[in-house]
Amino acid sequence: MGLMSLSALAAISLLAGCRQDMQDQPKFVPQRGTDFFADGRSARPQVEHTVARGQLREDEYFFTGLLNGKEQDAMPFPATLAVLERGQERFNIYCTPCHSRVGNGDGMIVQRGYKPAGNYHDSKRLAQPLSHYFYVMTNGHGAMPDYSAQLTPADRWAVAAYIRALQLSQNAKESDVPQGAQVKNLSDIAQEQGLPASFAGPWPMAVDTSVQALPPVGDAAGAPAENPKTPTLTPQPAATTSGKKGETTWPEPKN
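Mapping the sequence shown onto the working numbering, position 214 (from 1) lands on 1207, and the numbers just tick up by one.
Simulated from the structure, these hints should not be mistaken for lab results.
A hint or two may mislead.
As the list claims (entries may be wrong) - Derived BS3-like pairs (lysine-lysine); straight-line CA-CA distance at most 27 Å:
#: 1; residue 1: K1117; residue 2: K1063
#: 2; residue 1: K1166; residue 2: K1177
#: 3; residue 1: K1117; residue 2: K1166
As the list claims (entries may be wrong) - Taking CB as the label site, the calculated pair distances span:
#: 4; residue 1: G1173; residue 2: L1074; range: 16 to 26 Å
#: 5; residue 1: R1046; residue 2: G1173; range: 50 to 60 Å
#: 6; residue 1: Q1163; residue 2: E1041; range: 50 to 60 Å
#: 7; residue 1: K1063; residue 2: G1033; range: 35 to 45 Å
#: 8; residue 1: Q1186; residue 2: A1136; range: 32 to 42 Å
We put the CB at the ideal spot given by N, CA and C, even for glycine.
Based on the provided sequences and hints, a complete structural model is requested.
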């Protein structure tokens, strides 16, 4: 009996020594070298003449906005109403902070000191081909970063189509309206809805977009109540508006 117990214990000990958990199995750690392959790399190069799943990108124009290395004034798929609505939604989320809802480059963060964005309604942008906007969203341009992480290729094309629709809307003529359709003046519509006369006027561009070091005195609307334990700072005089329209003068800081 004792011999059998010892034999069983020895067998169990032997089996326990052969155990290998998954976390301890032989494997290659990413970015770590190995002597298993002659080139010393654990990560193997892609097999020649193969394409990873989802990276075929056979339609060059759809993924790059370029055809034979040049921008084109065309969509890679029909610009249906659903496409324009999707483009409007994405534009309002990602583009309006800089370019504004009407695309004049005077978005909210521009009004608060950021560099003015491109105005889609000036002669330079009106002359650019449609795929130029897709290309800029894909690769960035100037102070604008790329938005390839936020927008899929299809969404970038939808936004480009909506930008073109914005351009047409801000430069539309009565001759563009289908025959028989009624055209109402925007001023009349504003008056009927009780809106101010300025509602139908042009959207102004920011005059002064320099970043201000000193904020205006006073609490912003909706700001939380001040913590009574917060150290009191020396109040600064309020900003004054000079004779030049839209230009704000800030007091000089005291040394």
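Checklist line | Violated hints, by number in ascending order, as checked against the structure | finding: Of the numbered hints, all hold.
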